[in-house]
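Enquirer: Listed here are the chains, written in short residue letters.
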Amino acid sequence: MESLNLIPAATQMFASAVATPSTGPWLTLLVVLPALVALVIWLVPAARAKGRIIALSASVLELIAFVVIAFTFDWAASSTTQLLESYEWIPPLGITWSLGVNALGLVMLLLTGLLVPLVLIAAKNEDDDEVRGGGYAALIMALYAFIVIIFASYDLVLFYIAFEAMLIPVFFMISRYGTGENRRRAAMKFLLYSLAGGLVMLGGIVVIGALGMGGTSTLFRYDFLQQTLPALSVGWQMAIFLPLFIAFAIKAPMVPVHTWLPDTAAEARPGTSTLLVGILDKIGTYGMIIMAVSFLPGATAMVRPTILVLAVISIIWGGLAANGQKDLMRLVSFTSVSHFGFIVLGIFIGSDLALTGAMFYMVAHGLSIAALFLISGFLVQRGGSAQISSYGGLQRVTPVLAGTWLFAGLASIALPGLSGFVPEYMVLMGTYKVSVPLALFAVTGVVLAAMYILLPYQKMFTGPINPQRAGLADLDGREKLVVSPLIVGMVVLGIWSAPLVGSLQQISENLEPNITFVSETAPEVTGSPAQGIISPSSTADLNEGNAQ
Amino acid sequence: MNSMLAAVAAVLPASDAWVGPVATQEATGPAAFASLLFVVPLAVAAFLLLGGNRTNKWGHWVAVAASWFSFALGVAILIQMMGLPASDRRFTQTLFTWIPAGDFQVDFGLLVDPLSMTFVMLVTLVGSLILVYSVGYMEHDPARRRFFAYLVLFIASMLVLVLANNYTAMFLGWEGVGLSSYLLIGFWNQVPSNASAANKAFIMNRIGDVGFLIAMMAMVAAFNSTTFDEVNAGVAGASQGTATVIGIFLLVAACAKSAQFPLQAWLGDAMAGPTPVSALIHAATMVTAGVYLIVRSGTIFIYAPIAMACVAVVGLITLILGALIGSFKDDIKKALAASTMSQLGYMMLGAGLGPIGWAFAIFHLLTHGFFKSLLFLGAGSVMHGMNDQVNMRRFGGLRKFMVVTWITFMMGWLAILGVPPFSGYWSKDHIIEAAFSTSTFAGADAPWAAWVFGSVAVLGAAMTAFYMSRMFFMTFSGKARWTSDVDGGAVHPHESKPIMTVPMIILAVFAVGLGGVLSINDVFTTWLTPAIGPVDHAEPVLSAIWIQIITLVLVLIAAAFAWVKFGKEAVPKAAPYGNAFSRAARNDFYQDEINEVIAVAPTTAAVEGVTAVDRYGIDGGINGLGRLSVWTGKVIAWTETGYLRSYAGYMLGGVVVIVAIVLGFRL
Amino acid sequence: MSLAFYIALAGILFSIGAVTVVVRKSVIISLLGVELMLNSASLVFITFSRVLGDYSGQVMAFFVMIVAAAEVVVGLSIVVAIFKSRATTDLDQNVALRK
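Protein chains in written order, with the working numbering: chain A, 1166 to 1713; chain B, 625 to 1291; chain C, 38 to 136.
Everything labelled a hint here was simulated from the structure, so no lab data went into it.
Ideal Cβ positions, reconstructed from N, Cα and C, are used throughout, including at glycine.
Where hints are given, some of them may not hold.
Unchecked claim - Lysine to any residue pairs mimicking SDA-like chemistry, simulated, CA-CA at most 25 Å apart: (1) 1197(B) / 952(B); (2) 1598(A) / 857(B); (3) 1491(A) / 863(B); (4) 1624(A) / 1264(B); (5) 62(C) / 766(B); (6) 62(C) / 1265(B); (7) 1645(A) / 766(B); (8) 1624(A) / 1229(B); (9) 1598(A) / 1217(B); (10) 62(C) / 680(B); (11) 1598(A) / 863(B); (12) 1624(A) / 857(B); (13) 1598(A) / 848(B); (14) 1645(A) / 671(B); (15) 62(C) / 1277(B); (16) 681(B) / 1639(A); (17) 1258(B) / 1356(A); (18) 1491(A) / 1236(B); (19) 1491(A) / 1268(B); (20) 1624(A) / 820(B); (21) 1491(A) / 1650(A); (22) 62(C) / 1263(B); (23) 1645(A) / 1231(B).
Stated by the list, open to error - The following residues of chain C were derived to be distant from chain B, with all beta-carbon distances above 12 Å: (24) 43; (25) 50; (26) 55; (27) 59; (28) 67; (29) 70; (30) 80; (31) 85; (32) 91; (33) 99; (34) 106; (35) 108; (36) 109; (37) 113; (38) 122.
All chains, please: the whole structure from these sequences, using the hints.
Expert: Below, the structure is given as structure tokens:
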């Protein structure tokens, strides 16, 4: 049985050349802060009633912290992991508490940092009493802590623990605080589906553990995995890749394991759906980039054709199904299935242009889907119904709501000048270079997209005013506050996209050997293993055995 | 192909001289500020949309000012350009880097050259005049501010389209005008049919956008760039297959935007928008973007003769189709829309003839922009005076009541007929001559091509004369057939206010004189040469003077026929049943029904199928798994009987089984 | 004496005891069956102790007797308590286990 122990020592030792935080456990603090806030709100009765405000302040603080980190981040070295901290946790199993971010992780954290305060501000619509609202805010904070761990994680088991743990707050957010009648059932379906994926993923992790047990105390750290996993034979890579990929495909979601998403979106609060689709689903594609492309190029090369076909099917299936929905929230969630098809297509097609586009897509989609869910949520809260047919002629009743909904919709269907165009363009251009038929199928999604935004707009906002709806109020100041940063973001990303593209391009180019990897045999062990997304940079030594 | 290349090589020294002199950086002076041409209108549009009701009282004047500012800046750049020698008239300017993706990079850059300046002048002048007209036309509309915001948004997008120096930036303007068109067609979307018309326009245009994207994909795959210069340089060395793919899909994009066959069905419905919108967008500017695209991509089509032949054929078909539909429509706006479709067919035909026709296609585009928008504004003036009636069968005898409208409409009518010395004569006749001069088709020698193209073009001119004269006489001559109190409401036709008639008069002046003025010494074609290459002169198979005489005679005969049928004879107030052909033409040759069968029905079926499979198949499977596990649990729960003795019995049985297994293994 | 007779006797006793537990309705008779099974096990222990000459078997028999006694005390007291509340020792009537 092949074991990582047998790989020559030269590659077994991770190159102790990673960037360390110069000053302190910042990322750990940024994990602890929301967790602490959540605990305080739950345990201290006086804090419960003020829960939303406390959570909001904490999340704004967290956002400021992320922005500060972004300013001190070395964008010229976007693909190296910075702010790395690593402490031994369970040495016999090779698990460490390691956190670190590269450009992609940092950008996802910034996106999270932006969306959580907005969701908290928007949540006021739903809560009649503040105590209940406090509970919801605490759940969001708990979820926030886990999200930070996931995107900043530098250890695979830590990633997995957070991956599973975040399901708990989301479950309660759907079942206790959801708005639909079937919310408990939807929450259970979501939980079981995701747990099933997690269980499968555990199998993959166990394989890694079995291969490398006892060899080193940092077995699951990304840098070690980066050195060793690409050198495994394709059979072992597949044994690790398939379980991980199934879990990420469920999360993403890809057809055919996507059906948990529309049910969840229909029953949960719009804020929950925003976080779920805007951030949590990105964890799936984030994982695909790190685990699949970066760590396991051999397996990726073998499974690539199947994944690409499934991705294109997702694009078209999501577009068609979105057109057939009568419930507004379900419609928006199906548009997500279509968008994620584009992202997965860009990740696996084998072109660095498309991979950069896919990463950019994750950010742009986060903004536009958040706007769509939140604004749709405002509409549903006012009207009391999510059925598209129950509205009509609202452009004259609530012009701002109509205009912002259309704006967000146009951004999501890749209107040039808004955030959705650049990534979709890059993915399409990159795809055509590699495979013409796939590109031709994927581009038809553009027409379906126009239909699934404009036809609901026509039904809900044009035509004669439905007399029952004539009294609906337009967006108030607080709701405009929620929507404005998203709209500004969509415009800025649409025009001033060069900095982000340039930064993400560095990551793609670093991954170039992996994504164009076509050989079925593992690369030479003594040669340079395929570069990965987690590439070491400077030569400072690592903080090991540090029990802080 | 070889003969085509030989013809090309004979005329031009080298392939890289094909698009004129090498572009230079912009000089100091007005051209450096070319970005303001669209930035100012865009900023005004955003300001008006965000400003809300506070800006209602004066917002439209800000929009008008922005448009005239762009016109003034355009004039300044024009003057600067005319003062330079011909080889120095192309400027580029990179505004910022848009997509820096390693070895593939897209910049947002401008190309200011004679071709783009032609469009800039057309858009800003006609646009500004129409904006002034709209102040009066939309006077009573409470949402006027939003209308003007959308109009300046359109002007900004159109200017981006024509000023871009690469296909990606052009695509930004391309979809921008599509968006503005959607917003403006559906401006009165409280009426459901208007909202549907807007959707139809946007979705059909999106199909064209798919073509544009595929063309760009092919460009990026082959040349790693979408800049005009790099694509033109690359296509010379690329295979004919690549060039043909790019050319065909650019044609698809142009067909959607310019309402050419087979993507023409949206234009008639687009008349649901306010008349200034029809005048500006669906006559003069947006629909001409397709022609601009084809002419700007001329080099690609040189190397893809099959694609170029497709352009010419599409133009030919649309030319006739539009003329036929226009001859039977009673709605004045829809008849003008059909006319636009047909004239765009002329321009496409010119563009599809190669270097011999490009300059004349643009020339006709320019003159058409003026006289067609004039005709639309005149129609709007008539509608304004007739309580928004559009049925020409209820007009008649209006020339005594709306004199200015009548005279200006007459100028436009004579221009579109191509009667010398009005501007349409100069532009259309050149295209007909070029049609008679073509000697190749799809790269092969084809002496029949000249006769086919030329004859159809002449036939189209005659049909144009017929249906435009029919429109003119039905509206202004003959006896009044107006509605009265009992059948639709009384009308009191009156001339429109000066704020509406003055722009019409200005446009009429251009409709009369522009063509002649620009033809003196071939001023216009010489002007365009740095941008599109020199005009190839070939000999028409019929001598030029005969072509002109035959065309003019046929035009006059057709006009006279229309006079007799619709001016002198009484026109029935209700459309006669007619034969199958006329009924088909009145129904746009069932284009909507055909689209329904080919595109809409299959898509709806796919949507329903996918939704059903998703809900009952996939989701059903997952829910079925859940039900399965619950059922399994229920089955196992049967063993929980609550009886002690049965539990004891299970234990006994279990022990027996285990002992048997253990003993079995040992033996 | 052949070993087999003793084992067979123990087996018969055990089977009778097991069947008694499962088949008889009265809980006291079931407990008797349990006693019978325990005694059959003791018999096997003693038999082998004698055959192998190892006294651990006889010690185990003592253990079994003591455990049986203790268990009978507990079991019968439970039966008495149930009898007091239900006035029947019929096992089938006590379906509270199910709920």
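Enquirer: Has the given pair, residue 1491(A) with residue 863(B), been kept, meaning a C-alpha gap of at most 25 Å?
Expert: violated (48 Å)
Enquirer: Please settle this one: residue 59(C) was flagged as non-interface, so is its CB more than 12 Å from every CB on chain B?
Expert: Label violated. Min Cβ-Cβ 5 Å, cutoff 12 Å.
Enquirer: Is the claim that residue 113(C) lies outside the interface with chain B correct, judged by CB distances over 12 Å?
Expert: At roughly 15 Å from the nearest Cβ of chain B, residue 113(C) sits farther out than 12 Å, so the non-interface label holds.
Enquirer: Are all C-beta atoms of chain B more than 12 Å from that of residue 85(C)?
Expert: holds (17 Å)
Enquirer: Check the non-interface label on residue 43(C): least C-beta distance to chain B beyond 12 Å or not.
Expert: holds (19 Å)
Enquirer: Just want to verify: residue 106(C) was marked as not at the interface with chain B; is every Cβ pair farther apart than 12 Å?
Expert: The assertion about residue 106(C) holds, with a minimum of 21 Å to chain B.
Enquirer: Would the least Cβ to Cβ distance between residue 122(C) and chain B come out above 12 Å?
Expert: It holds; residue 122(C) is separated from chain B by about 16 Å at its closest Cβ, greater than 12 Å.
Enquirer: Check whether the Cα positions of residue 1491(A) and residue 1650(A) lie no farther apart than 25 Å.
Expert: violated (29 Å)
Enquirer: Does residue 680(B) lie within 25 Å of residue 62(C) when you go C-alpha to C-alpha?
Expert: violated (94 Å)
Enquirer: Is it true that the CA of residue 1598(A) sits at most 25 Å from the CA of residue 857(B)?
Expert: holds (20 Å)
Enquirer: Non-interface claim for residue 80(C): all C-beta distances to chain B beyond 12 Å?
Expert: Non-interface label on residue 80(C) holds, nearest chain B Cβ at 18 Å vs cutoff 12 Å.
Enquirer: Would you check the hint for residue 62(C) and residue 1263(B), treating anything up to 25 Å between C-alpha atoms as holding?
Expert: holds (19 Å)
Comparing the model with each earlier hint shows violations of hints 3, 4, 5, 9, 10, 12, 19, 21, 23, 26, 27, 28, 29; every other hint is respected.
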